[in-house]
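S.K.: With full-length UniProt numbering, letter number 45 in the sequence shown gets 45, and the count goes up by one each step, no holes.
Hints listed in this document are in silico derivations from the structure and should not be mistaken for laboratory results.
Small disclaimer: the values here were computed from a predicted structure and weren't measured.
Warning: the hint list may mix true and false statements.
[Stated by the list, open to error] Listed next, the in silico SDA-like pairs over lysine to any residue satisfying Cα-Cα at most 20 Å (straight line):
#1 Lys38 to Phe63
#2 Lys38 to Met71
#3 Lys38 to Thr57
#4 Lys38 to Asp19
#5 Lys38 to Leu66
#6 Lys38 to Val11
#7 Lys38 to Ile60
#8 Lys38 to Trp55
#9 Lys38 to Gln4
#10 Lys38 to Gly64
#11 Lys38 to Val67
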Amino acid sequence: LLFQHPGGEEVLLEQAGRDATESFEDVGHSTDAREMLKQYYIGEIHPVRTSWLFWSTWLIPIFGALVIGLMYRYYMLDGRTS
Numbered sequence: 001l002l003f004q005h006p007g008g009e010e011v012l013l014e015q016a017g018r019d020a021t022e023s024f025e026d027v028g029h030s031t032d033a034r035e036m037l038k039q040y041y042i043g044e045i046h047p048v049r050t051s052w053l054f055w056s057t058w059l060i061p062i063f064g065a066l067v068i069g070l071m072y073r074y075y076m077l078d079g080r081t082s
């Protein structure tokens, strides 16, 4: 199908790994193309929950910076008392 696509293979490769439903509908494909779609249908992409992913990407660096800051302060205070 990749090399047979009338719009060229680049169009398909741009959408690879993503939900291309909107792009497919925007182009206005023919009835024949819609029939072919049924033949090549693989499945649906389920949305990923981003709430936990957002926090997990920020919590680790913030926690690390906090620990480093506390260690720096502890060693600086320890150096003054010695």
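S.K.: For every hint, state whether the structure bears it out.
M.R.: Now the hints, each set against the structure:
1. Proposed proximity of Lys38 and Phe63 is contradicted: the alpha carbons are some 49 Å apart, above 20 Å.
2. Distance hint between Lys38 and Met71 is unfulfilled; the C-alpha atoms sit about 60 Å from each other, more than 20 Å.
3. Between Lys38 and Thr57, the direct Cα distance comes to roughly 38 Å. Violation of the 20 Å bound is thereby established for this hinted pair.
4. Straight-line distance between C-alpha atoms of Lys38 and Asp19 comes to about 15 Å, which keeps the hinted pair within the 20 Å bound.
5. For a cut-off of 20 Å, the pair hint linking Lys38 to Leu66 is broken: about 54 Å separates their Cα positions.
6. Note on Lys38 and Val11: the hinted pairing holds, with a Cα-Cα distance of about 19 Å set against a maximum of 20 Å.
7. Proposed proximity of Lys38 and Ile60 is contradicted: the alpha carbons are some 44 Å apart, above 20 Å.
8. Annotation: proposed proximity of Lys38 to Trp55 is violated, straight-line Cα distance about 39 Å (limit 20 Å).
9. Between Lys38 and Gln4, the direct Cα distance comes to roughly 16 Å. Compliance with the 20 Å bound is thereby established for this hinted pair.
10. As the CA atoms of Lys38 and Gly64 are separated by approximately 50 Å, the hinted pair breaks the 20 Å bound.
11. For the hint linking Lys38 to Val67, the alpha-carbon distance of about 55 Å lies beyond 20 Å, and the restraint is violated.
The structure fails to meet hints 1, 2, 3, 5, 7, 8, 10 and 11 from the earlier list, while all remaining hints are met.
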